[in-house]
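A.B. asks: Here's the letter readout for the chains.
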Amino acid sequence: MRQEIIELLLLGIGETLYMTLVSTAAAYVLGVPLGVLVYITDSDRICENRVLNLITGVIINLVRSVPFLILLVALLPFTRWVAGTTIGSTATIVPLVVAAAPFVARLVESSLKEVDAGVIEAAKAMGSSPAQIIYKVLLPEAKPSLFVGSTIALATILGYSAMAGFVGGGGLGAVAINYGYYRYQTNVMLVTVILLVIIVQLFQEVGIRFVNKIDKRTKQ
Amino acid sequence: MIKFEHVSKEFISSKTRFLAVENVSFEVQKGDIYGIIGFSGAGKSTLVRCINLLEVPTIGNVYFDGVNLTKAGPRELRKYRQKMGMIFQQFNLLAQRTVLENICYPLEVAGVKKREAKERAEELLKLVGLEDKANAYPAQLSGGQKQRVAIARALATNPEVLLCDEATSALDPITTKSILELLKEINQKLGVTIVIITHEMGVVKQICNRVAVMSGGVIEEEGTVKDVFLNPKSETARKLILPAREKLLETGERRVLRIVFDGQSSFEPIIAQLVLETNTLVNILGADTENIGGRAYGQMLIEHQSDRAVMKKMKDFLRRKGIYFEEGGSQE
Ligand SMILES: Nc1ncnc2c1ncn2[C@@H]1O[C@H](COP(=O)(O)OP(=O)(O)O)[C@@H](O)[C@H]1O
Ligand SMILES: [Mg+2]
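Sequences listed follow chains A and B, in order.
In terms of the working numbering, the first sequence has 176 at position 176, counting the first letter as 1, and numbering is strictly consecutive.
For any residue, its number in the working numbering is found by taking its place in the second sequence, counting from 1, and adding 1000.
Some hints here could point you the wrong way.
[As the list claims (entries may be wrong)] Covered stretches of chain A, going by a simulated chain B footprint (3 or more residues, C-beta under 8 Å):
| id | segment |
| --- | --- |
| 1 | 35–41 |
| 2 | 108–121 |
| 3 | 134–147 |
[Said to hold, decoys possible] Pairwise CB distance ranges, derived in the manner of DEER restraints:
| id | chain 1 | residue 1 | chain 2 | residue 2 | range |
| --- | --- | --- | --- | --- | --- |
| 4 | B | K1113 | A | L11 | 14 to 24 Å |
| 5 | A | C47 | B | E1076 | 37 to 47 Å |
| 6 | B | N1068 | A | N212 | 12 to 22 Å |
| 7 | B | G1191 | A | I55 | 24 to 34 Å |
| 8 | B | L1019 | A | I55 | 55 to 65 Å |
[What the hints assert, rightly or not] The list that follows gives simulated cross-link-like pairs (lysine to aspartate or glutamate, EDC-like), each with its CA atoms no further than 20 Å apart:
| id | chain 1 | residue 1 | chain 2 | residue 2 |
| --- | --- | --- | --- | --- |
| 9 | A | K143 | B | E1131 |
| 10 | B | K1133 | A | E205 |
| 11 | A | K216 | B | D1227 |
None of these hints come from the bench; they were simulated from the model.
In this text, a Cβ means the ideal position worked out from N, Cα and C, and glycines have one as well.
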């Protein structure tokens, strides 16, 4: 019995990490361009474009304003179409990415906003094209802040993945609902909570250490 | 080299309009160190940003080497910007790049090969005296060092012009002096034309040959530094040269003379001679003079209470000595 629970928890951890990491990576693939787009098209930025800015802004806000659990259910047909099923951790990655990409876009946008306007101005004065400013100035200068953002994204997506566990998503969320809730095994519930906290802490700790290492703004 | 033709820049937002630069025309010749001086908010930064079109003029034309930049397409404009270096008050270095990588940046933008860019960057580091800081990051440098890196970076693409927007305003006086000396050396050795924005008369005095005085978006006067300094015509120029003047004008009975030293021998005791010869006591209100190679430069404000006859004697004395002066206080 105990052995069984431990195996279950280990499997849960694996699934949770799998869902979280893959979803975060995919969310960044979509979110970074989206965040850059919404940033550069904003007023007084390098590619100011009202219409494009409005469209991307609305899309981001629309998806972000739908609570994840509702989005998850609403997306079921889409998930089935993409993944062939709606159950299991691989299928859960679909709604996770859809929900997380706009969130990541906002994180990226706010990181880019932190880049000193004077530095962008200097780059412009040196004859940089918008693409050169994005690849050689904005993203490299925002790199530490982008990584801080990614630890926030990881924690949030981990939280989403646990919710997905409630509707057949697998992972630690599923363990918590199936054993901790339906079978009243409070101790299992407690262990999953502790495990989730530890995973989030680990993400944060490793992330911050990494950022401190790569950020050149602090004197060594 | 740089020519402005009736340039105006108006900032228009949904609620307000603000005319930051109004109908400005001036010309910077090749080899000039051209100063643009004025108080904060005068429109100097806006004006200098119109030179490389970081700010697009609302009306008017900006010529660079005879080419009208306001008519240039984006690609063409970027090519011209590579011929104009720019440095800033806040240095604006890339914080995540080393000193060497910062200097390589404009070369990367211009499509120069990595190896070549690195060699050129090392050359420039030598020029600004920071060979040993190649692998440091900006956060590890002092303000003066950062500005030197910024200068090296601005010179990387061999620009014809260097634009400096308050480049020394964040630096202490000694560092300011060394940066200005470096700029002068760049002007003389490399033949780079320099435009300097500043609110400090000292900066203009130290290195510029021409100066434009700006206030309220308008150039109030323009000329050689010597002419403007010796005989300021606009109120702004007078205030910049003589910050305490307004107060002095209120002193009524007291007579104030502004004496300007323009390379007279600093060994000659001018003031003492003046006192002896005219037999009157003078009170030195303020002085801002420097001894450069045995010659005096700068100005002195003296106050006296003599009558017309003595006053005439004083003036004659100063004329004889070839010293410029100007009367303040109750003017006759
Ligand atoms: N982007 C802008 N939008 C609106 N007003 C501006 C903008 N940039 C500058 N100004 C205004 O133009 C005036 C001149 O500014 P600036 O050229 O920076 O002056 P200076 O460099 O001489 O201190 C100031 O009153 C400033 O508030
Ligand atoms: Mg300014």
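A.B. asks: Could you tell me which of the hints above the structure violates, numbers in ascending order?
C.D. replies: Numbers 1, 4, 5, 6, 7, 8, 9, 10 and 11, in rising order.
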